[in-house]
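Peer 1: Given the sequences, and given the hints that come with them, work out the whole structure.
There are 2 protein chains.
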Amino acid sequence: SASYRRNMFLKKTLTMDTLNPQVKAVEYAVRGPIVIKAGEIEKYLEEGGTKPFSEVIKANIGDAHAMGQQPITFLRQVVALCTFPELMDSPSFPEDAKWRARRILQGCGGHSLGSYSASPGVECIRKDIAAYIEQRDEGVPSDWENIYLTTGASDGIMTILRLLVSGKDSSRTGVMIPIPQYPLYSAAISEMDAVQVNYYLDEDNCWALDINELYRAYQAAKLHCQPKVICIINPGNPTGQVQSKKCIEEVLHFAYEENLFVMSDEVYQDNVYTPDCQFHSFKKVLYEMGPEYFNSVELASFHSTSKGYTGECGFRGGYMEVINMDPEVKAQLVKLLSVRLCPPLAGQAAMDVIVNPPQPDEHSYKQFHQEKSSVLGALADKAKLTEQILNAVPGIKCNPVQGAMYAFPRIFIPPKAVEEAKALGMQPDMFYCLRLLEETGICVVPGSGFGQKDGTYHFRMTILPSIEKLKVLLGKVRDFHISFLKEYSALE
Amino acid sequence: SASYRRNMFLKKTLTMDTLNPQVKAVEYAVRGPIVIKAGEIEKYLEEGGTKPFSEVIKANIGDAHAMGQQPITFLRQVVALCTFPELMDSPSFPEDAKWRARRILQGCGGHSLGSYSASPGVECIRKDIAAYIEQRDEGVPSDWENIYLTTGASDGIMTILRLLVSGKDSSRTGVMIPIPQYPLYSAAISEMDAVQVNYYLDEDNCWALDINELYRAYQAAKLHCQPKVICIINPGNPTGQVQSKKCIEEVLHFAYEENLFVMSDEVYQDNVYTPDCQFHSFKKVLYEMGPEYFNSVELASFHSTSKGYTGECGFRGGYMEVINMDPEVKAQLVKLLSVRLCPPLAGQAAMDVIVNPPQPDEHSYKQFHQEKSSVLGALADKAKLTEQILNAVPGIKCNPVQGAMYAFPRIFIPPKAVEEAKALGMQPDMFYCLRLLEETGICVVPGSGFGQKDGTYHFRMTILPSIEKLKVLLGKVRDFHISFLKEYSALE
Numbered sequence: 010s011a012s013y014r015r016n017m018f019l020k021k022t023l024t025m026d027t028l029n030p031q032v033k034a035v036e037y038a039v040r041g042p043i044v045i046k047a048g049e050i051e052k053y054l055e056e057g058g059t060k061p062f063s064e065v066i067k068a069n070i071g072d073a074h075a076m077g078q079q080p081i082t083f084l085r086q087v088v089a090l091c092t093f094p095e096l097m098d099s100p101s102f103p104e105d106a107k108w109r110a111r112r113i114l115q116g117c118g119g120h121s122l123g124s125y126s127a128s129p130g131v132e133c134i135r136k137d138i139a140a141y142i143e144q145r146d147e148g149v150p151s152d153w154e155n156i157y158l159t160t161g162a163s164d165g166i167m168t169i170l171r172l173l174v175s176g177k178d179s180s181r182t183g184v185m186i187p188i189p190q191y192p193l194y195s196a197a198i199s200e201m202d203a204v205q206v207n208y209y210l211d212e213d214n215c216w217a218l219d220i221n222e223l224y225r226a227y228q229a230a231k232l233h234c235q236p237k238v239i240c241i242i243n244p245g246n247p248t249g250q251v252q253s254k255k256c257i258e259e260v261l262h263f264a265y266e267e268n269l270f271v272m273s274d275e276v277y278q279d280n281v282y283t284p285d286c287q288f289h290s291f292k293k294v295l296y297e298m299g300p301e302y303f304n305s306v307e308l309a310s311f312h313s314t315s316k317g318y319t320g321e322c323g324f325r326g327g328y329m330e331v332i333n334m335d336p337e338v339k340a341q342l343v344k345l346l347s348v349r350l351c352p353p354l355a356g357q358a359a360m361d362v363i364v365n366p367p368q369p370d371e372h373s374y375k376q377f378h379q380e381k382s383s384v385l386g387a388l389a390d391k392a393k394l395t396e397q398i399l400n401a402v403p404g405i406k407c408n409p410v411q412g413a414m415y416a417f418p419r420i421f422i423p424p425k426a427v428e429e430a431k432a433l434g435m436q437p438d439m440f441y442c443l444r445l446l447e448e449t450g451i452c453v454v455p456g457s458g459f460g461q462k463d464g465t466y467h468f469r470m471t472i473l474p475s476i477e478k479l480k481v482l483l484g485k486v487r488d489f490h491i492s493f494l495k496e497y498s499a500l501e
Numbered sequence: 010s011a012s013y014r015r016n017m018f019l020k021k022t023l024t025m026d027t028l029n030p031q032v033k034a035v036e037y038a039v040r041g042p043i044v045i046k047a048g049e050i051e052k053y054l055e056e057g058g059t060k061p062f063s064e065v066i067k068a069n070i071g072d073a074h075a076m077g078q079q080p081i082t083f084l085r086q087v088v089a090l091c092t093f094p095e096l097m098d099s100p101s102f103p104e105d106a107k108w109r110a111r112r113i114l115q116g117c118g119g120h121s122l123g124s125y126s127a128s129p130g131v132e133c134i135r136k137d138i139a140a141y142i143e144q145r146d147e148g149v150p151s152d153w154e155n156i157y158l159t160t161g162a163s164d165g166i167m168t169i170l171r172l173l174v175s176g177k178d179s180s181r182t183g184v185m186i187p188i189p190q191y192p193l194y195s196a197a198i199s200e201m202d203a204v205q206v207n208y209y210l211d212e213d214n215c216w217a218l219d220i221n222e223l224y225r226a227y228q229a230a231k232l233h234c235q236p237k238v239i240c241i242i243n244p245g246n247p248t249g250q251v252q253s254k255k256c257i258e259e260v261l262h263f264a265y266e267e268n269l270f271v272m273s274d275e276v277y278q279d280n281v282y283t284p285d286c287q288f289h290s291f292k293k294v295l296y297e298m299g300p301e302y303f304n305s306v307e308l309a310s311f312h313s314t315s316k317g318y319t320g321e322c323g324f325r326g327g328y329m330e331v332i333n334m335d336p337e338v339k340a341q342l343v344k345l346l347s348v349r350l351c352p353p354l355a356g357q358a359a360m361d362v363i364v365n366p367p368q369p370d371e372h373s374y375k376q377f378h379q380e381k382s383s384v385l386g387a388l389a390d391k392a393k394l395t396e397q398i399l400n401a402v403p404g405i406k407c408n409p410v411q412g413a414m415y416a417f418p419r420i421f422i423p424p425k426a427v428e429e430a431k432a433l434g435m436q437p438d439m440f441y442c443l444r445l446l447e448e449t450g451i452c453v454v455p456g457s458g459f460g461q462k463d464g465t466y467h468f469r470m471t472i473l474p475s476i477e478k479l480k481v482l483l484g485k486v487r488d489f490h491i492s493f494l495k496e497y498s499a500l501e
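Going line by line, the protein sequences match chains S and U.
Counting in my numbering, the first sequence runs from 10 upward without gaps.
Counting in my numbering, the second sequence runs from 10 upward without gaps.
There may be inaccurate statements among the hints.
The list makes no distinction among identical chains, and a pair is therefore deemed to hold if it is satisfied within one copy or across any two copies.
Straight-line Cα separation of at most 27 Å, BS3-like style, residue types lysine-lysine; simulated pairs [claimed, not checked]: (1) 462 with 478; (2) 478 with 406; (3) 46 with 344; (4) 33 with 339; (5) 21 with 344.
I should point out that these hints are in silico values taken from the structure, not numbers from a laboratory.
Peer 2: Laid out in structure tokens, this is it:
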């Protein structure tokens, strides 16, 4: 009987043995074991448990609002007006927010945020994005039909990789990524069963991208796979460097020569803090290299509502601009996007505000500008402070945080601690970060989750806590690190 | 030189030849060629072009607000309050909306909708969903830790399939789906390179699911693949049937016997129109079959903000409940979800309102209830009307629209028209629908996009247009069909 058969072979359909092995291979450190542990400690404290600290400080993820950053008023006004259009009659909402909301709603089916948009996004928002890009890039043309709204940048990155990574012979498609990298890339590569081709950023040179290292990685990879795409994160995550124009030129020349698709993750384009650094978009640099390059290199660049000065992660807004894509492939891209119907409309509306902010002659300009400057100014201060305090700790070395939202300091872990970690079957920096969490309540992510040169150890921390909390955090890191070194007898 | 090499082999990196063939294989009729054509005609009319009609009526997609359905006020109030919490001070928002918004925000990092939530969703919303399911299923227990918020139901369905469909030997994983089906399923199967195992619904019996057909399909599939999962859509899309309790029992018994994972797509659970039909959740039926079943069959069921009486497609809200999943696999599921960070927060908030609507003692109850009844009452009227008018046309036969939002009438296409279509390299029902579009401006989707028995032809139309517009639409379909039959000499 069925019940007899069932009992004989009592086994689930979906087990660790039958699970898609590519899912098993995925790692995502930013929300990995250490973050799960942090959540458990938080619960334990809430329930009255005691620890040597009263609070867990989560510096593991670029989640600005969770760390107390306030939303930009104008952005929220526009989204609220779109959500509940009866507010159009309310005198407490400014006209400049109202006309933006009206315009967005006119682009929506039934004038409602509840309709599906076209799969690439609401047409007027795509046009606003193209206009923004043209202005940002000082006149380099942008065609709105090359703009695709996305569900955060991650969604766009996964979609483009999905086109490039062939199923059947996927184990032969090479995807070049920086090391250290944001682990979305390695996770997507695992999920799609592509070959991860590492190129190492130069820690001794402020995490700059070294073109010789690109060639080395490419040549080595060609022996066992077909590298088809190069991913760049600029400003860097987790490394915080801002790429020079010269370096971008070199990367683009390399991609042109070797016929690689270029994916440039530019979600931190508004997060540049060091006065002698400037954000250069890959597209603008490509344009300036001349039509031979600008009309041929296939480039997808990504932006998001989650970072910058807005930090609207929860809206899952973003876009990608794709140039030089084969028109037939473009039709396939649209088809693939259409299966998931459309990105969330509130996120699309939020994206529209970012690319179409209040202008100097508009009512909301002053407040918007103050809020924006205040967020970016505070981030610049915290970037500097983080670098300074960390570099004053013996056994910690931190490159300048030129941009983005993270410090990625190198930490010296004494050989005895390395041994102890290995005996526990743990990466040494995981061991370090777990101890840091257990003893101080500070949650940072081990460098091994992002990749690093063998024998070097790092952690990633965000610079998002308030300046007061950040000082507490950095002080605790310093004290912990010194006592950790002492414990393992690396300081006399 | 590089430039020379480039010119010699002037070829893009990403072409139709190098594109991931699994992407190429994806089809998604709901936004397919006929819908693209409809968009072109719309543009043409806007620009002053003339056609035998003045307006394109899009009945191709379940996009309620685009067809004029009004949002539920209370839902939008709660989401607007979450988006712009300064509205908490506004006397024009009711207290019951405010306390819900406050409660949601308390579950968000920094009390902001702009924070990432935990990857499975905001905890209090997961709890509200579990409470809703328990109430819906008359006491059958629901554990909030089995609830995962999703980006629309599609996202959840893709995620569960991703776990089940193994990469390397994916060509061996069988996924059983109904025919006709909602093409998300076939698209996902193509993208993941699984084997589509068709079981045919019984058109002569109101599209009921016939258990013997399930066994037939399963046995046939076992000869060339390993069927691991069965998908059911109830109420049916595109077919509109509501499954009987007995039929659900049979499916669950079959899954239990053959050790299949069950995916039950229940996004139309609130859309039941025929008085003698009732929605039974797969989970409740499983419970009533006894602990032997309830504690073993692996079941994922899906819901959404996009359908029901809210029709909030643009919010991309949804959830899945997953029971009897192996705990280790569950950890893998959470890891996979975490790579995409979290579902959009506005969609999560919208989902919360659906599962936690105003109660009889609350201020907003009356208006909420009126709006809900009005939407569902109109849909029931339109379901009836559609069936009646279509069945009065010679050569069209339409099963009762018991639930969901679509009619899927069978259309007789005369042999001469079939020949003409084939000469054009076109499916006969595509030929029919294109003619319908060109001559009347009505956009419906050919049955071939959903699957149908060989030699039968259908189209799917939504019942979402207003009753006035629906009458116009149905009248035009009738006139077109009669003249189509005449043209191809099927009527004397």
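Peer 1: Failing hints, ascending?
Peer 2: Number 1 only.
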